[in-house]
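Asks: Construct the complete structure from the given sequences, taking the supplied hints into account.
Protein chains in written order, with our numbering: chain A, 173 to 634; chain B, 300 to 397.
Bear in mind the hints are in silico, worked out from the structure with no lab data behind them.
In this text, all values refer to a predicted model and were calculated from it rather than measured experimentally.
In this text, a Cβ means the ideal position worked out from N, Cα and C, and glycines have one as well.
Take the hints with a grain of salt, since some may be wrong.
Between beta-carbon pairs, the in silico distance windows are [unchecked claim]:
hint: 1; chain 1: A; residue 1: Asp434; chain 2: B; residue 2: Gly347; range: 34 to 44 Å
hint: 2; chain 1: A; residue 1: Leu278; chain 2: B; residue 2: Gln395; range: 53 to 63 Å
hint: 3; chain 1: B; residue 1: Glu324; chain 2: A; residue 2: Lys520; range: 54 to 64 Å
Heads up, simulated SDA-like pairs for lysine to any residue below, C-alpha to C-alpha not over 20 Å straight-line [what the hints assert, rightly or not]:
hint: 4; chain 1: A; residue 1: Lys540; chain 2: B; residue 2: Ser350
hint: 5; chain 1: A; residue 1: Lys315; chain 2: A; residue 2: Glu630
hint: 6; chain 1: A; residue 1: Lys540; chain 2: B; residue 2: Gln330
hint: 7; chain 1: A; residue 1: Lys540; chain 2: B; residue 2: Asp349
The lines below spell out each chain.
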Amino acid sequence: MPSLRARLIAACPPAGARLVAPGASLELAALAAGDGAGAELAGRSVLVRTATQLGAAQALVELDGRARRLVLCPPDLAAEHLPYVVGEAGVEAVVTDAPQRLPADLGLPVHSLRAPAGGADVVEPPGEAATEWLLFTSGTTGKPKLVIHRLAGLTGAIAAPPPSGEGGAGARRPVWATFYDIRRYGGLQVLLRALVGGCALALSEAAEPLADRLARFAALGVTHVTGTPSHWRLLLMHPQAGMIAPAYVRLSGEIADQAVLDRLRATFPDARIVHAYASTEAGVGFEVDDGLEGFPEHFVGGDGPVALKVVDGSLRIRSARAATGYAGPTALTDDEGFFDTDDMVELKDRRWRFVGRRSGVINVGGLKVHPEEVEAVINRHPAVRVCRVRARRSPITGSLVSAEVALDDPAQAGSPELEAALRDSIFELCRASLPPHKAPAMLRFVSDLQMTPGGKLERTNG
Amino acid sequence: MQETAIEVRPGGADHIRRTVAASFERTAIAQERQLAPLTDDLVLVDSGLDSLCFAIIVAQLEDELGLDPFSDLDDDLFPVNFAEFVQLYETAAQGQAA
Numbered sequence: 173m174p175s176l177r178a179r180l181i182a183a184c185p186p187a188g189a190r191l192v193a194p195g196a197s198l199e200l201a202a203l204a205a206g207d208g209a210g211a212e213l214a215g216r217s218v219l220v221r222t223a224t225q226l227g228a229a230q231a232l233v234e235l236d237g238r239a240r241r242l243v244l245c246p247p248d249l250a251a252e253h254l255p256y257v258v259g260e261a262g263v264e265a266v267v268t269d270a271p272q273r274l275p276a277d278l279g280l281p282v283h284s285l286r287a288p289a290g291g292a293d294v295v296e297p298p299g300e301a302a303t304e305w306l307l308f309t310s311g312t313t314g315k316p317k318l319v320i321h322r323l324a325g326l327t328g329a330i331a332a333p334p335p336s337g338e339g340g341a342g343a344r345r346p347v348w349a350t351f352y353d354i355r356r357y358g359g360l361q362v363l364l365r366a367l368v369g370g371c372a373l374a375l376s377e378a379a380e381p382l383a384d385r386l387a388r389f390a391a392l393g394v395t396h397v398t399g400t401p402s403h404w405r406l407l408l409m410h411p412q413a414g415m416i417a418p419a420y421v422r423l424s425g426e427i428a429d430q431a432v433l434d435r436l437r438a439t440f441p442d443a444r445i446v447h448a449y450a451s452t453e454a455g456v457g458f459e460v461d462d463g464l465e466g467f468p469e470h471f472v473g474g475d476g477p478v479a480l481k482v483v484d485g486s487l488r489i490r491s492a493r494a495a496t497g498y499a500g501p502t503a504l505t506d507d508e509g510f511f512d513t514d515d516m517v518e519l520k521d522r523r524w525r526f527v528g529r530r531s532g533v534i535n536v537g538g539l540k541v542h543p544e545e546v547e548a549v550i551n552r553h554p555a556v557r558v559c560r561v562r563a564r565r566s567p568i569t570g571s572l573v574s575a576e577v578a579l580d581d582p583a584q585a586g587s588p589e590l591e592a593a594l595r596d597s598i599f600e601l602c603r604a605s606l607p608p609h610k611a612p613a614m615l616r617f618v619s620d621l622q623m624t625p626g627g628k629l630e631r632t633n634g
Numbered sequence: 300m301q302e303t304a305i306e307v308r309p310g311g312a313d314h315i316r317r318t319v320a321a322s323f324e325r326t327a328i329a330q331e332r333q334l335a336p337l338t339d340d341l342v343l344v345d346s347g348l349d350s351l352c353f354a355i356i357v358a359q360l361e362d363e364l365g366l367d368p369f370s371d372l373d374d375d376l377f378p379v380n381f382a383e384f385v386q387l388y389e390t391a392a393q394g395q396a397a
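Replies: If you want it as structure tokens, here you go:
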């Protein structure tokens, strides 16, 4: 398997193709040339702890094929977890673009990234080893959990680029943009697509106002844009959403409900809209592009490169793109190689639909409710931008379903008459679509709902 | 922002009773239940409301009155009729005021 650098070089990135962050960018050709630093880290287990996404991208290109292991820290990994991570992954050195931000007592050699020297001769290391990529799983509290991937699996869902010179003059390379951070699985997928395709990629930083980001994306002429459904709901509400005109819209990381798919279709009528099922552990499972929520019945039960089965209501995946294991003694898969995603699905009208996470179930008097299935109904209401459903403790039934709703037009909130009318109409929609125990018992209007750093709806019970 | 749009004048001798009655009526309508007339001797299990309705009423009353007498209630003290239900909240309110 060629290294990431070899694949980047093979993609012949055109002059000017860059990774673009707010206020900084990195030419793909310079990335391919590298800074020659990876050689001294050959065969070692290396922690990639960078202040910037561009730094992380550079480190990944330097290290894949050379390092024995690379451990990619997400931006919000607390410094207090570093000693545990170093021990768990057998880390022997650190690569960083901000050595001053590392804890002084890590006790490891630190390699500071230098600006890549564009135009230098590229010497591929002999006998490329399949570097292990250790990624952090999302949604964990307490000690972080690491899973092990290799480049072949990470890039397994990426279609091979057309051979150079083919496709005619009109076949332009995509210009990618993402709302994800490339130091997490979802964003890493986009980075790898850009690198192995030799394509430009516009990155997002949380601190950058959405209006500035949209203007930047528009100026770069982005064609392929990726994010979570929460990212997209936020973008769709922006008055300048129409500044970008992507040919390809991709959602993953959360359930893509019909409401968000329909709104995307209305805003970007000519785009190919794809929702993908992926997780850090399972890799990219499958993609759906028929504009409907859920996925076709026949996806389950086949025996292709990605096999799916449903056991006890949860989706299980066996895939060459999945992680090969956890860094630690816990088994990732069952005896047949299937990973339990803990994502609960239901078959209805020949379509599998995601109903929620196993751990998120609300128990109302012994009856189960998935917050996400209630949210999907509320999100269908035309006045609703986004909502969150949570358990409310009840001395009678154990729990009740409680909803917080952010409206499309914030001006509607605060008026008691309008709120009362909207509340009634949302309740009516829920009662028409859900059994009584699933319909929210309480509903509160809020100005906004928090997202996690990974771009998912914050579900920590408050 | 307020949870509900019900109009109840604060204070007054029967404030709690009126708040409870309004919650019963509102919940019955929302849950499409036929609510029996709210007399003192109305037995709660014959009121037309089910346990989900009572759970909603108790949550509403916690928001409106700031009282949650059911959380610490022994099973054998569970109110049987409407008057006892109201009494439970009146007692809790007195305990809070004391």
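Asks: For every hint, state whether the structure bears it out.
Replies: Now the hints, each set against the structure:
1. Separated by about 39 Å at the C-beta atoms, Asp434 of chain A and Gly347 of chain B satisfy the suggested range of 34 to 44 Å.
2. With their beta carbons about 54 Å apart, Leu278 of chain A and Gln395 of chain B fall inside the hinted range of 53 to 63 Å.
3. Glu324 of chain B and Lys520 of chain A have their C-beta atoms about 36 Å apart, which leaves the hinted 54 to 64 Å range violated.
4. With a C-alpha separation of about 15 Å, the suggested pairing of Lys540 of chain A with Ser350 of chain B holds against the 20 Å cut-off.
5. Distance hint between Lys315 of chain A and Glu630 of chain A is fulfilled; the C-alpha atoms sit about 19 Å from each other, no more than 20 Å.
6. For the hint linking Lys540 of chain A to Gln330 of chain B, the alpha-carbon distance of about 19 Å falls within 20 Å, and the restraint holds.
7. Restraint check for Lys540 of chain A and Asp349 of chain B: the C-alpha separation of about 17 Å stays at or below 20 Å, so the hint holds.
Consistency with the previously given hints fails for number 3 only.
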